[in-house]
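Trainee: Sequence:
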Amino acid sequence: MVRRIDVTGAGGVRLAAWEFADPPKDGQRRAGLGREPGVLLLHGLMGRAAHWAGTARWLAERHRAVALDQRGHGRSEKPPGGPFTREAYVADAEAALVQLDLAPAVLVGHSMGALTAWQLAARRPDLVAGLVICDMRASALGAATQREWTDWFRAWPLPFATLADVRKFFGEDDPWVERPNPARGTFYAEVMTETEDGWRPVFDREQMLSTREAWVYDAHWEELAQVQCPALVVRGLDGELGRAEAQEMVRVLPRGRYAEVPDAGHLVHYDQPEAWRAAIEPFLDGVLTA
Numbered sequence: 001m002v003r004r005i006d007v008t009g010a011g012g013v014r015l016a017a018w019e020f021a022d023p024p025k026d027g028q029r030r031a032g033l034g035r036e037p038g039v040l041l042l043h044g045l046m047g048r049a050a051h052w053a054g055t056a057r058w059l060a061e062r063h064r065a066v067a068l069d070q071r072g073h074g075r076s077e078k079p080p081g082g083p084f085t086r087e088a089y090v091a092d093a094e095a096a097l098v099q100l101d102l103a104p105a106v107l108v109g110h111s112m113g114a115l116t117a118w119q120l121a122a123r124r125p126d127l128v129a130g131l132v133i134c135d136m137r138a139s140a141l142g143a144a145t146q147r148e149w150t151d152w153f154r155a156w157p158l159p160f161a162t163l164a165d166v167r168k169f170f171g172e173d174d175p176w177v178e179r180p181n182p183a184r185g186t187f188y189a190e191v192m193t194e195t196e197d198g199w200r201p202v203f204d205r206e207q208m209l210s211t212r213e214a215w216v217y218d219a220h221w222e223e224l225a226q227v228q229c230p231a232l233v234v235r236g237l238d239g240e241l242g243r244a245e246a247q248e249m250v251r252v253l254p255r256g257r258y259a260e261v262p263d264a265g266h267l268v269h270y271d272q273p274e275a276w277r278a279a280i281e282p283f284l285d286g287v288l289t290a
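Residue numbers (this note's numbering): 1 to 290.
Hints in this document: simulated from the structure, not taken from any laboratory.
Be aware that one or more of the hints could be misleading.
Said to hold, decoys possible - Heads up, simulated EDC-like pairs for lysine to aspartate or glutamate below, C-alpha to C-alpha not over 20 Å straight-line:
(1) K78 <-> E194
(2) K78 <-> E190
(3) K168 <-> D197
(4) K78 <-> D204
(5) K78 <-> E206
To be verified - Each pair of labels, with its calculated beta carbon distance range:
(6) V216 <-> G11: 20 to 26 Å
(7) D126 <-> T289: 15 to 21 Å
(8) P125 <-> Y217: 25 to 31 Å
(9) E61 <-> E178: 32 to 38 Å
(10) W176 <-> D101: 38 to 44 Å
(11) A103 <-> V177: 36 to 42 Å
Ideal placement from N, C-alpha and C gives every residue a C-beta, glycine not left out.
Whenever a hint applies, use it, and build me the whole structure from the sequences.
Mentor: Next comes the structure, spelled out in structure tokens:
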């Protein structure tokens, strides 16, 4: 069972959260019985909560698993004026943990969601019991990458006539694709919506560029060093986070560990879902049952 729960984020922004199991009964919760350990799943830039469905379903067998559509994404509000700052994203995740009664929870974040997760863990250690950081760099990416992303967005052949065209472009024809990747095509098909003239993204691309500025121009090593809970850094062997930087992140984290997933790119949990589970499940079990 999946059910939507509305959350009020920073500045009153409406957020959609998705719980992948029946929650504990209120009476049980008040009595301290039947309360399962909580996991909050945070997607990456341009992603949505639904991208975590496979992970959330096996998590929900033993834990309370909730995925959040972050502001500007999925079914959550996309305020025209923003803000799309790090402070806003972190405050939203904090509000979700409190309003959903998940804390102290394990945060599982991919890319942008991983940055949100470790910034929240640094700010509110009382709310975070553990952390999984998937394929997100702590170093600044540099202004050149923002120009590359702007050009990439402009190259999208919008609107797409069909979802099959979406899958083909992002899985095969996109100049950023080195070799055919059906999982990537499926990933982007899930963030498209049908309009009068065809299929378009559910997000605003200018808002995505605005969101991205925080890690284009700024590094986040200092916040990483402030994370006190156990943390697992996971990278896809062919992802965006290099091995040397990943291992340095593990060294900087006070309680850091390292894992990598072979034959996976940036979309680790999509490219290799079984290997992704094998990489993180022992860590999660250790933190959530401690």
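Trainee: Taking the hints in turn, state whether each one holds.
Mentor: Hint-by-hint comparison with the structure:
1. K78 <-> E194: holds, 18 Å
2. K78 <-> E190: Holds, at roughly 17 Å.
3. K168 <-> D197: holds, 19 Å
4. K78 <-> D204: holds, 8 Å
5. K78 <-> E206: holds, 11 Å
6. V216 <-> G11: 20 to 26 Å: holds, 23 Å
7. D126 <-> T289: 15 to 21 Å: Because 20 Å falls inside the window, the suggested range holds.
8. P125 <-> Y217: 25 to 31 Å: holds, 27 Å
9. E61 <-> E178: 32 to 38 Å: Check passed, 36 Å falls within 32 to 38 Å.
10. W176 <-> D101: 38 to 44 Å: Given range 38 to 44 Å: holds, Cβ gap about 40 Å.
11. A103 <-> V177: 36 to 42 Å: Distance hint for A103, V177 holds at roughly 39 Å.
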